[in-house]
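Colleague: Below are the chains, spelled out letter by letter.
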Amino acid sequence: MLKVSDLQVSYGAISALGGISFEIPQGSIVTLIGGNGAGKTTTLRTISGLLRPKSGSVTFLGEDITAVPAHKIVARGLCHVPEGRMIFSNLSVDENLSMGAYLQTDKALIAKNRDYVFSVFPRLKERIKQMAGTLSGGEQQMLAIGRALMGNPKFLMLDEPSLGIAPRLISTIFEKIVEINKSHGITILLVEQNANLALEVSRYAYVLETGRIAMQGESQKLRADPQLKATYLGG
Amino acid sequence: MTEFLQQLLNGLSLGAIYALIALGYTMVYGVLRFINFAHSDVFMVGSFVGYYMGKLIPEGTLWGGLTILVGSMMACAILGMTIERLAYRPLRNAPTLNVLITAIGVSLLLEYTGQVFFGAAPRNFPAIFPVTNFHLGGLIISSNQLMVIIVSAILMVVLQLIVFRTKIGTAMRAVSLNPKAAVLMGVNNDVVISFTFGLGSALAAAGGILYALNYPSIDPLMGVMPGLKAFVAAILGGIGNIPGAALGGLILGTVETFVAGSQWSTYKDAIAFAILIIILLFRPAGLLGKFTVEKV
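Chains as they are written, first to last, in my numbering: chain U, 1 to 235; chain Y, 236 to 531.
Hints may be right or wrong, so weigh each one.
Stated by the list, open to error - For lysine to any residue, the following SDA-like pairs were computed, each having C-alpha atoms within a straight-line distance of at most 20 Å: (1) Y:Lys415 with U:Ala67; (2) U:Lys129 with Y:Gln395; (3) Y:Lys402 with Y:Val427; (4) Y:Lys290 with Y:Thr302; (5) Y:Lys402 with U:His71; (6) U:Lys107 with Y:Thr401; (7) U:Lys176 with U:Asp225; (8) U:Lys72 with Y:Met309; (9) Y:Lys402 with U:Glu95; (10) U:Lys221 with U:Thr231; (11) U:Lys3 with U:Lys176; (12) U:Lys112 with U:Thr134; (13) Y:Lys415 with U:Ala214; (14) U:Lys112 with U:Lys182; (15) U:Lys54 with U:Ala75; (16) U:Lys72 with Y:Asn423; (17) U:Lys107 with Y:Lys402; (18) Y:Lys415 with Y:Lys290; (19) U:Lys72 with Y:Arg327; (20) Y:Lys415 with U:Ser92; (21) U:Lys54 with Y:Asn328; (22) U:Lys107 with Y:Ile403; (23) Y:Lys525 with U:Leu91; (24) Y:Lys402 with U:Ala108; (25) Y:Lys415 with U:Arg76; (26) Y:Lys415 with U:Ile65; (27) Y:Lys415 with U:Ser89; (28) U:Lys112 with Y:Lys402; (29) U:Lys129 with U:Asp94; (30) Y:Lys415 with U:Gly133; (31) Y:Lys290 with Y:Met309; (32) Y:Lys290 with Y:Ile403; (33) Y:Lys525 with U:Thr134.
What the hints assert, rightly or not - The calculated label-pair distances, taken between Cβ atoms and stated as ranges, are: (34) U:Glu63 with Y:Lys402: 22 to 30 Å; (35) U:Gly137 with Y:Leu243: 47 to 55 Å; (36) Y:Lys402 with U:Phe118: 50 to 58 Å; (37) U:Gln216 with Y:Arg320: 43 to 51 Å; (38) U:Gly133 with Y:Tyr450: 40 to 48 Å; (39) Y:Leu321 with U:Leu61: 33 to 41 Å; (40) Y:Leu374 with U:Ser136: 24 to 32 Å.
No lab work stands behind these hints: they were computed from the structure. All residues carry an ideal CB built from backbone N, CA and C; glycine is no exception.
This is chain Y alone, in the form it adopts within the complex (with noise of 0.2 Å):
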């Protein structure tokens, strides 16, 4: 009992980093409908800018690791938003494929000017927050564990606060459900997009922060993996819904961390995958997704 206390626990906290990842994927498609496979990579730059502040601000403090948190977050909202507006908006009138074989060149650039610049050998990522471990019953619960699912759960409960409850969440929708009606309420779709572009790459900052916590050692090319995990997650759970996406990374990280903790832990990516599979042989629209029928 204590072993699947404990499993849960690590596959939550690794499930939330997914969420948090796939909520990026899943924004960018409600508003562009496409994949935007540099999404990782911001993520990868988000544990970099966190590796090059930690020089600056001392290590093992509250304050210095929400600092550093927070500055990752506003660095690579400023990156997507550049992103959208070199890479994708020329390109709005395109069809659909050449923003996905861009999205997919704009992944490169990002993974080989971090090895030029990064350098391509792993780093060692500094304990940015106090690390300390709680014990309780059996279970062993670390700072850095807790920490992931705290901020994990902090943003997410805003961003579905900004989604639902403010104008530019509400245009969000909107631009996503009917782009052509947004621009006849006078919404400059082009900011809207802008803005989610922001919002999803922040989002993806913190997931970089919060994964090098727990996986400490960062390489330019460490947002593949958990970059494809995270775009299963956003599939998973319903591409385009924002609950899904949430819903699905904490599926694939529970399921993930419980098959790694078994004999078949060879197979863990298999085996996550196969799931998907099967979910969506059952729901082809993902878990929370739904073909809408509009009533004429």
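Next comes chain U alone, as it looks inside the complex (with noise of 0.2 Å):
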């Protein structure tokens, strides 16, 4: 579904990603761990166009989208969550939703999505009238996954869902990141930090080490690498 070629992308002398591939079948989930400065959020923003690469291509859906403006790439069916969350503070929870679907036409279809963005986070609903800033942090991380979803996407990008979260809350949105990809069949491009957890959800992982893949392979086997439990699992 996503395939990304050899991509090259520095900040003006310093290099932030050292040409990586790797490919995204639909359907699954996958994820992308490493440490601070590896990499993950430069490949995201590269992937949704924030970040122009200095080389190497990203496809999707069989068209490479490497030069379409980051604007016009959302209407392809590609959506992402930023680091951050990036909520809009000053809007209400309704209008951040709203705001969500700015692409969508079909009336019936944007409210069939809100139907389904309040079923997975009940939580919002109860909220919808109250200015998004004034969320906890884990309602901000289901307000900027609701908006993504919104957006009628056919593959999500999440970077750090779980940054600064309370723990009891992390779970919950992992379930559900879980749930919109068995009961949508949305594709995820999971990033973490939190790498257990993200092997545990995930079918395929991508290990970035300072712009490069350092490690590949299904998460279950991953989770068993001695190498890697000793680097990112804590023992």
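Make one complex out of these two single chains by using the hints.
Modeller: If you want it as structure tokens, here you go:
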């Protein structure tokens, strides 16, 4: 569904990605794990068009989207839930969801997606008129994911959904991620620092180290890998 | 008492014009985080478009006046969007200071191009609306004053509806809160920014026509002082905050009028600005502005 080939990205003179390639098959959950500064967020930002690569290409549903402007990539069904959630804090929960459906014109579909978001995250329905900035961290993450679902995505990229969230809510959110993937068949690329959790829910994993893919394999196998265990899984 | 009400009325009608101009400053600041110094000159062009349209349309009729008002608003909306497209969009990723200096350049360009085409000498703005004076008790209300207050009120309500009830308005607020996140929703930020300039410039044009109705001597530098006042009004209300700009304009206009009608009339601008400084000392973000704290 998504194919990244030899992607190189740099911030000025500093190289962030030194040529990475990977592929994500339709219907799966794939995770990208690695430490701080490994290039995880850069990878996602380049795929969604917020950053331009120095070289390499991104292919989505068989089409090259490397040079497509970010706002047009969304229209193809590729939605990005950014790091730090980036919800619109002075807009209500309802308005945030409407912004997620910005490109949708089919009113019936919008209503259906809204119901779906509320069925996944009932908490959002309770807080529908509240300003998004007043939600708790976990609720904001739910809103960020809900907002992306309003865009009717075929492919969803989640950047650190566990960041800064109460542990109790983390497991809820990860359950929902799996549910979204299963019930709606939305393909998911999950970026996480919490490698344990990421490997648990995903089918396949790539390990990123300073801009290169250091390791890859089925998540279950990687969990048992002694080297990975020592580095990312806390022994 | 009559004198107080009379001055209040005069102040509100001046303040409504400041408010219309201030809205443009504040909206552009909201989406681009810079002060569009050329805005006060769009206000001037608004007056001149009205002046030239007035030559073609019979004076003193309601339909004629409204045609001129709408025509000038449309012309200036196009002007504002053109300025944004040519002068500011190429600088989208440049430091704010560069954009600010460019804005000053565009302002000077408009003022002195105005002098070339319109001449530097003041011109007399035609009475495009029918003029009558209503007497209410001891109060004298001119129809032009009434026109200012009614038209501004309608425009502000329409603006409020656009910003808070429409899709493009929600997108404007989203872009102003987080442009990157807006892009990830599929918003074409350039379109939203262009729309914001169009909207703000149309309001400035309306301000220009209404101002010229009550102060009918117009010249290419006429925008400087009202523009500065409106800018102050926008800061006073909390820059980036739309109701704040309207409130700031009304307060500034009213204070200025009261001071002008008193024995300290020579110091009217000094006093108006002193009030600004005092308010900002106590509320640094402006009257309705707030430093938003985001939960992490």
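Colleague: Confirm or reject each hint.
Modeller: Cross-check of the supplied hints:
As the CA atoms of lysine 415 of chain Y and alanine 67 of chain U are separated by approximately 17 Å, the hinted pair is consistent with the 20 Å bound. The hinted pair formed by lysine 129 of chain U and glutamine 395 of chain Y meets the criterion: a straight-line CA distance of about 18 Å does not exceed 20 Å. For the suggested pair lysine 402 of chain Y and valine 427 of chain Y, the alpha carbons sit about 11 Å apart, so the restraint of at most 20 Å is met. Our distance criterion of 20 Å between C-alpha atoms is met by lysine 290 of chain Y and threonine 302 of chain Y, whose separation comes to about 13 Å.
Under the criterion of a C-alpha separation no larger than 20 Å, the hint pairing lysine 402 of chain Y with histidine 71 of chain U is consistent with the structure, at around 16 Å. The straight-line distance between the Cα atoms of lysine 107 of chain U and threonine 401 of chain Y is roughly 15 Å, inside the 20 Å bound, and the hint therefore holds. Our distance criterion of 20 Å between C-alpha atoms is broken by lysine 176 of chain U and aspartate 225 of chain U, whose separation comes to about 27 Å. Under the criterion of a C-alpha separation no larger than 20 Å, the hint pairing lysine 72 of chain U with methionine 309 of chain Y is inconsistent with the structure, at around 30 Å.
Restraint check for lysine 402 of chain Y and glutamate 95 of chain U: the C-alpha separation of about 10 Å stays at or below 20 Å, so the hint holds. Taking the CA atoms of lysine 221 of chain U and threonine 231 of chain U, the gap is near 15 Å; set against the 20 Å cutoff, the hint holds. The straight-line distance between the Cα atoms of lysine 3 of chain U and lysine 176 of chain U is roughly 25 Å, outside the 20 Å bound, and the hint therefore fails. At most 20 Å may separate the alpha-carbon atoms for a hinted pair to count; lysine 112 of chain U and threonine 134 of chain U exceed this at roughly 26 Å.
For the proposed pair lysine 415 of chain Y and alanine 214 of chain U, the alpha carbon gap of about 30 Å is over 20 Å, so the pair is violated. At most 20 Å may separate the alpha-carbon atoms for a hinted pair to count; lysine 112 of chain U and lysine 182 of chain U meet this at roughly 18 Å. Note on lysine 54 of chain U and alanine 75 of chain U: the hinted pairing is violated, with a Cα-Cα distance of about 24 Å set against a maximum of 20 Å. A C-alpha spacing of about 8 Å is found between lysine 72 of chain U and asparagine 423 of chain Y, which places the hinted pair at or below 20 Å, so the restraint holds.
For a cut-off of 20 Å, the pair hint linking lysine 107 of chain U to lysine 402 of chain Y stands: about 13 Å separates their Cα positions. Restraint check for lysine 415 of chain Y and lysine 290 of chain Y: not satisfied, since their Cα atoms lie roughly 47 Å apart, outside the 20 Å limit. Under the criterion of a C-alpha separation no larger than 20 Å, the hint pairing lysine 72 of chain U with arginine 327 of chain Y is consistent with the structure, at around 19 Å. Our distance criterion of 20 Å between C-alpha atoms is met by lysine 415 of chain Y and serine 92 of chain U, whose separation comes to about 18 Å.
For the hint linking lysine 54 of chain U to asparagine 328 of chain Y, the alpha-carbon distance of about 18 Å falls within 20 Å, and the restraint holds. This hinted pair checks out: lysine 107 of chain U and isoleucine 403 of chain Y have alpha carbons roughly 16 Å apart, not beyond 20 Å. In summary, the hint linking lysine 525 of chain Y to leucine 91 of chain U is supported, as the alpha carbons are separated by about 15 Å, within the 20 Å threshold. This hinted pair checks out: lysine 402 of chain Y and alanine 108 of chain U have alpha carbons roughly 17 Å apart, not beyond 20 Å.
Restraint check for lysine 415 of chain Y and arginine 76 of chain U: satisfied, since their Cα atoms lie roughly 18 Å apart, inside the 20 Å limit. Between the alpha carbons of lysine 415 of chain Y and isoleucine 65 of chain U the distance comes to roughly 18 Å, so the proposed pair stays at or under 20 Å and holds. Annotation: proposed proximity of lysine 415 of chain Y to serine 89 of chain U holds, straight-line Cα distance about 14 Å (limit 20 Å). Our distance criterion of 20 Å between C-alpha atoms is met by lysine 112 of chain U and lysine 402 of chain Y, whose separation comes to about 19 Å.
Distance check on the hinted pair: lysine 129 of chain U and aspartate 94 of chain U sit about 6 Å apart at the alpha-carbon level, within 20 Å; holds. For a cut-off of 20 Å, the pair hint linking lysine 415 of chain Y to glycine 133 of chain U stands: about 17 Å separates their Cα positions. Only pairs whose Cα atoms come within 20 Å are accepted, and lysine 290 of chain Y paired with methionine 309 of chain Y is accepted, the gap being roughly 18 Å. Distance restraint check for lysine 290 of chain Y and isoleucine 403 of chain Y: the Cα-Cα separation of roughly 36 Å exceeds the 20 Å cut-off, and the hinted pair is therefore not satisfied.
Taking the CA atoms of lysine 525 of chain Y and threonine 134 of chain U, the gap is near 14 Å; set against the 20 Å cutoff, the hint holds. Between glutamate 63 of chain U and lysine 402 of chain Y, the C-beta spacing of about 28 Å keeps the proposed range 22 to 30 Å intact. Taking the beta carbon of each, glycine 137 of chain U and leucine 243 of chain Y are about 49 Å apart, inside 47 to 55 Å as hinted. Evaluation of the 50 to 58 Å hint for lysine 402 of chain Y and phenylalanine 118 of chain U yields a failure: the beta carbon distance comes to about 21 Å.
In this structure the hint that glutamine 216 of chain U and arginine 320 of chain Y lie 43 to 51 Å apart at CB holds, the actual value being about 46 Å. A hinted range of 40 to 48 Å holds for the C-beta pair glycine 133 of chain U and tyrosine 450 of chain Y, which are about 43 Å apart. Separated by about 37 Å at the C-beta atoms, leucine 321 of chain Y and leucine 61 of chain U satisfy the suggested range of 33 to 41 Å. For the hinted restraint 24 to 32 Å between leucine 374 of chain Y and serine 136 of chain U, the CB-CB distance of approximately 55 Å leaves it violated.
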